[in-house]
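Residue numbers (numbering that gives the first Met the number 0), protein chains in the order written: chain F, 0 to 128; chain B, 0 to 515.
Treat the hints as calculated values from the structure; they're not laboratory data.
Each pair of labels, with its calculated beta carbon distance range:
id: 1; chain 1: B; residue 1: Val-417; chain 2: F; residue 2: Lys-125; range: 45 to 53 Å
id: 2; chain 1: B; residue 1: Leu-225; chain 2: F; residue 2: Glu-12; range: 26 to 34 Å
id: 3; chain 1: B; residue 1: Pro-133; chain 2: F; residue 2: Ser-99; range: 54 to 62 Å
Glycine is no exception: its CB is placed at the ideal position from the N, C-alpha and C atoms.
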Amino acid sequence: MIVVAYTPDVYGEAALAHAVTEAGLRRLGVVVVNATRGDAFVDERFASTERLAELDAALGEQGLTHEVRQPVGVEPSEAVIDVVKEVGGSLVVVGIRHRSPVGKVLMGSVAQRILLDAPCPVLAVKPSP
Amino acid sequence: METLSLLGGGLADALTPMNLMWAVIGVLLGTFVGVLPGVGPAMAVALLLPVTYGLDVTSALIMFAGIYYGGMYGGSTTSILLNTPGESASVMTALEGNRMAKAGRAAQALATAAIGSFVAGTIGTLGVVFFAPPLAEFAVQIGAPSYFAIMLLAMVLVSAVLGASKLRGFVGLFIGLAIGLVGLDASTAQPRAMLGVNQLAEGIDIVVVAVGLFAVGEALWTAAHLRRRPLQVIPVGRPWMGRDDWRRSWRPWLRGTALGFPFGAVPAGGAETPTFLSYITERKLAGRHHAEGRESFGEGAIEGVAGPEAANNASAAGTLVPLLALGLPVTATSAVMLAAIQGYGITPGPTLMTDQPDLIWALLASLLIGNALLLVLNLPLAPVWAKLLRIPRPQLYAGILFFASLGAYAVRQQPFDVALLLVFGALGFAVRRFGIPVLPLILGVILGPLMEVRLREALDLSSGDLVGLVNEPIAIIVYAIIVLVVVVPLVWSRVAPRPATPLTEVPERDRQEVGS
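Using the sequences provided together with the hints, build the complete structure.
Given below as structure tokens:
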């Protein structure tokens, strides 16, 4: 299985697009994970139910074995790695973004944690400029 | 037009750069706390109480008034964009407001809320300017027995009429009254409910109670429900209104103001009833003037935002009438403001207007200024306020707890007070857990001792004869009203068939901040 760390923005969409390509090449299924710590009233990286339903339908149309998960109240990087371990994932796809020095100090990086902690290869992708 | 010249004097006082700055800080802070669900203006004022002891009383009150109005406004932003009312008075705004936002009209909903708040706040404040002085003049003449009766009425109304359960209301009230009893008796110096702890001799400082209940209690409650599914926020640009929106909004604004102000002014204030009535009225009237109103109600009618939002702010202004004229707070925020006034050694009550005219008029003038500031600041800042909702709870509440402990310690520089703060924090958590409203509780703490003074006065005059409590016509009338308020609903519920389920279901946790 290929696990995608998804967010409803360009980075998440890039990750998803690459994951779908890889899944086609490797003839594997896709697990989409969109996690949130759930400790703020609003998390703009938390996809709406409608968006996930759309995504589910789109993956289905492409004939891929797929699953969409949205764990709440967990560290996003840990949630992704837990899913990798659970489904025996062979690849994690994650979108990476530029971050300001201050941003790095204040917040941890989900992508970095996944790169360092994942038990399988990680494909780090960027949205096309 | 003596009132107007007094108000002019107040404007001159309030327009000094320093006071203007406190007004700006107040409205910004008020909006900030209003936007965040769970953090209300009552909590903000409680947290700032110790900070303001360094300020002069006018500046402090100007800031608090800004927080009060700002909080009312901020609640509407959350209601509209998130469908999560930041405070109980915004529940009705959420109904139509969120539907408008979902239909892509968030900017117009925010605009009508902001402008409606401004219109209602301004008319309401002018209402205070004209109604409070005559009421105070009248109130100066009434004696201790009547005064005691009026305070009793306020407590009964707040406990029995507001809120879902009379029993819970009275439980809250009596917990509050019990807290108010602690300390040495004012006239005989007998220790009361001190449990042998000498630090309690001066009584429990209201700052410690208010901060414990509102800040620590809310922090514990949030910690118990820390991780929740995030809500979808509706993106919004700068609020604006088209010609058509103006045409549909101005009547609801005025009607909402007319409904809100009197409800705020009677001692059973709270903005829930007038906002609800305003919503119902607009719903009924919709379509009388504009065909589109009738059709769009239920799927985002601007009237349903304009009316309740105006009612909400007008009632906030209305609550200042009993607060300034009688020293009688009817919402949690005004109760804490009363504690602030007491902190300066000023006796709240009917004599306030004659003893401290400069203070009162500067306060009223600053309310008008604060209202205008809210409009100027909030229209362009709405997208920024929406971003506040992304603040993670752990960081936010860590900050609140820091200020809470600092405040409790600062009152008397006694570590004992911090321990006491934790006790009241636990109490705050417990009342939220068991659905006991906070408003009667805090009112009991603040009004209880004041009421006792009046009771003692009345009984001293009659040498301890209970007849001394009912020897004034006003007192008798007020007691009759109390009996009516308590007995009539009881009889009614026996006679009439049980009413259907409430029209709107307020989420459990929003009920806690009643009237804050």
